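Peer 1: Sequence lines, in order, name chains A and B. Per the working numbering, the very first residue in the first sequence carries number 1; after that it's consecutive. Per the working numbering, the very first residue in the second sequence carries number 285; after that it's consecutive.
Source of the hints: derived by calculation from the structure; they are not laboratory data. In this text the structure is predicted, and so the values were computed from the model without any measurement. Cβ atoms here follow ideal geometry from the backbone N, Cα and C, with glycine treated the same way. One or more hints might be untrue.
Label pairs and their calculated CB-CB ranges [said to hold, decoys possible]:
1. B:VAL331 / A:THR55: 40 to 48 angstroms
2. B:LEU503 / A:THR274: 29 to 37 angstroms
3. B:TRP324 / A:ALA71: 42 to 50 angstroms
4. B:TRP380 / A:ILE51: 40 to 48 angstroms
Calculated Cβ distances over 12 angstroms to all of chain A for the following chain B residues [stated by the list, open to error]:
5. GLY362
6. PRO373
7. GLN377
8. TRP380
9. LEU395
10. HIS439
11. MET483
12. ALA486
13. GLY491
14. MET507
15. ASP535
16. GLN542
17. HIS545
Cβ-to-Cβ under 7 angstroms is the rule here; a few derived chain B residues that face chain A [to be verified]:
18. ILE332
19. ALA342
20. LEU402
21. PHE462
Residue-level listing of the chains:
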Amino acid sequence: MRANWGLVLLPPLVFSVILLFGPQIMFLRASFYEDLGIGRLGPDFTFINYILAFTDSFYYESLILNFQLSASVTLLSLFVAYPVAYRIARMTPRWAMIILAAIIVSAFLSVAIKILGMIILFSANGALNRFLLWTGLISDTIGIIGTIPGIIFGLVHLSISFKVLLLFSVIQTVPRSLEEAAEIHGAKRWRVYWRVVIPLSLPGIISVSLLSFNLIMGAFVSALVLGGGKIFTLPVLIQQSLMLFSEFGISAALSAILMVFVFTINIISVIMVTRIHAARLAVT
Amino acid sequence: MSEHAVTTGPKTRTLVPTAGFGNPFSKWRKSLGGWVLNTWVAFVIIVIYLPIIIVVGASVDPGSYIESRAFLTFPPRGFSLQWYLNIHPRLWQSLWVSVSMASISAVFGLLIGVPAALGLIRCNWRGKIFMGALLRAPLQIPFIVIGVAFLQAYHLAAEVFHINLVGSFTGLVLGHVFVASPYVISAVGVQLQRFNPSMEEAALIHGASRMRTFMRITLPIIMPGIYAGGLYAFLISFGDVTISLFLAGPDTTPFPVQVLHTITQDFDPTVPAMASLVCIGSLFVLLAVQKLVGLDVLLRGGGSG
Numbered sequence: 001m002r003a004n005w006g007l008v009l010l011p012p013l014v015f016s017v018i019l020l021f022g023p024q025i026m027f028l029r030a031s032f033y034e035d036l037g038i039g040r041l042g043p044d045f046t047f048i049n050y051i052l053a054f055t056d057s058f059y060y061e062s063l064i065l066n067f068q069l070s071a072s073v074t075l076l077s078l079f080v081a082y083p084v085a086y087r088i089a090r091m092t093p094r095w096a097m098i099i100l101a102a103i104i105v106s107a108f109l110s111v112a113i114k115i116l117g118m119i120i121l122f123s124a125n126g127a128l129n130r131f132l133l134w135t136g137l138i139s140d141t142i143g144i145i146g147t148i149p150g151i152i153f154g155l156v157h158l159s160i161s162f163k164v165l166l167l168f169s170v171i172q173t174v175p176r177s178l179e180e181a182a183e184i185h186g187a188k189r190w191r192v193y194w195r196v197v198i199p200l201s202l203p204g205i206i207s208v209s210l211l212s213f214n215l216i217m218g219a220f221v222s223a224l225v226l227g228g229g230k231i232f233t234l235p236v237l238i239q240q241s242l243m244l245f246s247e248f249g250i251s252a253a254l255s256a257i258l259m260v261f262v263f264t265i266n267i268i269s270v271i272m273v274t275r276i277h278a279a280r281l282a283v284t
Numbered sequence: 285m286s287e288h289a290v291t292t293g294p295k296t297r298t299l300v301p302t303a304g305f306g307n308p309f310s311k312w313r314k315s316l317g318g319w320v321l322n323t324w325v326a327f328v329i330i331v332i333y334l335p336i337i338i339v340v341g342a343s344v345d346p347g348s349y350i351e352s353r354a355f356l357t358f359p360p361r362g363f364s365l366q367w368y369l370n371i372h373p374r375l376w377q378s379l380w381v382s383v384s385m386a387s388i389s390a391v392f393g394l395l396i397g398v399p400a401a402l403g404l405i406r407c408n409w410r411g412k413i414f415m416g417a418l419l420r421a422p423l424q425i426p427f428i429v430i431g432v433a434f435l436q437a438y439h440l441a442a443e444v445f446h447i448n449l450v451g452s453f454t455g456l457v458l459g460h461v462f463v464a465s466p467y468v469i470s471a472v473g474v475q476l477q478r479f480n481p482s483m484e485e486a487a488l489i490h491g492a493s494r495m496r497t498f499m500r501i502t503l504p505i506i507m508p509g510i511y512a513g514g515l516y517a518f519l520i521s522f523g524d525v526t527i528s529l530f531l532a533g534p535d536t537t538p539f540p541v542q543v544l545h546t547i548t549q550d551f552d553p554t555v556p557a558m559a560s561l562v563c564i565g566s567l568f569v570l571l572a573v574q575k576l577v578g579l580d581v582l583l584r585g586g587g588s589g
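Between the sequences and the hints, there should be enough to build the whole structure, so can you do that?
Peer 2: And the structure:
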């Protein structure tokens, strides 16, 4: 006789479904009513918020900016994190454990504290400016907060730890013996990377990249603080329109657009990874 | 099968499988390419920790209050613990909010996540995969959207049912339980999947009651998953800014949100001191985890989600 585990599943499922659908339906509903500002919504069902989001340059430009930022940060952090992950995967276990521990600890420290550090580093009187002035590389202080490179640095920084950890588990699945085999057969080191390590970790690279793309699409704190109130990514716009202007309709529509975007990327991710697996099975 | 081995206890704390034979990379490691790679790893680790080092450095700066309100300096011009002694009471209050919020969120996350994981893996219902997807759905939604959705739902709840959740502690915890429970489910789920059900059957055959089997066999085996899941839930709730920013009220401001207010609105020079204390606290928590179950439990929980 087997216990009925379904009964164990039921209460958490009901609770989660309420928490999932309650708020989601509520805000999706709000996105279909005209926004009258200060928390009031029009009486009629309409697509006006969505039309506004795609026609008003203020809104769609922030969507484009968000997309560009996420794509460039994803690529940059991949180039930063992949070699680190590879090196850790090929270390002696003792060293790998020490370095992984350091990265895990950094990944779990609060974003707010890291951003505070970056602000102290980047501010006009900050360490970076004084260092550059001291070396004579610049003659006047440079502003980093409120610029695109500032945001990119912050986002790359915040995504590196998780990316190294995820890529590490991907590269670990590439057997070291394959690299040795290639080397024994006379392949140069870069050729081993290019023809063995990278192709074998490609499905992992793609899924990790899409995951981090999604996380960065929704990244809010670094964009808000390092953007210095001058750069409006989609999440910043959503927060400002809801919290400062109580525009329930338009903030809901922008959130819905962001969510649909992220869902689409997730679906593409799943399809691509299964395709690559299928293709590999067909070859072998 | 090694997959069914019970990997608890302090002895199995390896993160990487040991290379069986002599290191074939010894030659390569001495080469230029290997040197560049090692330097890169060191550089990235330093950059990752740079903001934390800066915060700790700024926290011991001996500058005056007026001066430090305008800007904090790094490297510090001297050493002083003045900011540590004068930490603003508001910061202590926000830390208390954070700790209690994260603990309660972790407990509720476990209360939802553990039975959900058990049910998902053990039950034989037909829509199991669909239910799993529903339970994991919060992972797919950006935090900012969760914040917007919960805040709007709370506003509506206040209007229609006269339940006041806007800015309340309960509302804050509810939002965090929502995002944290999938992590508990995957952490416990991973532990359950690698565990051999014949051990339970053996206990049952030998006459143990269901309850006793659960308490003596199942629970100890999934314990690392429970630790990991609970810790994950705690850390996510503790570190979150985005959702808290939407759901917190003036009396229920968690510490990270307080830091954000400090950066964007009015500066308080004691914040780096408090932030340093929080970092040290987090370090101790993670050290305790390493001693208890090994930090790799955190690796297991996250990636699969």
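Peer 1: If a hint holds in the structure, say so; if it does not, say that too.
Peer 2: Structure-based check of each hint:
no.: 1; hint: B:VAL331 / A:THR55: 40 to 48 angstroms; result: 41 angstroms, holds
no.: 2; hint: B:LEU503 / A:THR274: 29 to 37 angstroms; result: 36 angstroms, holds
no.: 3; hint: B:TRP324 / A:ALA71: 42 to 50 angstroms; result: 23 angstroms, violated
no.: 4; hint: B:TRP380 / A:ILE51: 40 to 48 angstroms; result: 46 angstroms, holds
no.: 5; hint: GLY362; result: 16 angstroms, holds
no.: 6; hint: PRO373; result: 19 angstroms, holds
no.: 7; hint: GLN377; result: 16 angstroms, holds
no.: 8; hint: TRP380; result: 16 angstroms, holds
no.: 9; hint: LEU395; result: 8 angstroms, violated
no.: 10; hint: HIS439; result: 7 angstroms, violated
no.: 11; hint: MET483; result: 15 angstroms, holds
no.: 12; hint: ALA486; result: 15 angstroms, holds
no.: 13; hint: GLY491; result: 14 angstroms, holds
no.: 14; hint: MET507; result: 18 angstroms, holds
no.: 15; hint: ASP535; result: 17 angstroms, holds
no.: 16; hint: GLN542; result: 8 angstroms, violated
no.: 17; hint: HIS545; result: 10 angstroms, violated
no.: 18; hint: ILE332; result: 5 angstroms, holds
no.: 19; hint: ALA342; result: 5 angstroms, holds
no.: 20; hint: LEU402; result: 5 angstroms, holds
no.: 21; hint: PHE462; result: 5 angstroms, holds
Hints 3, 9, 10, 16, 17 from the earlier list are contradicted by this structure; the remaining hints agree with it.
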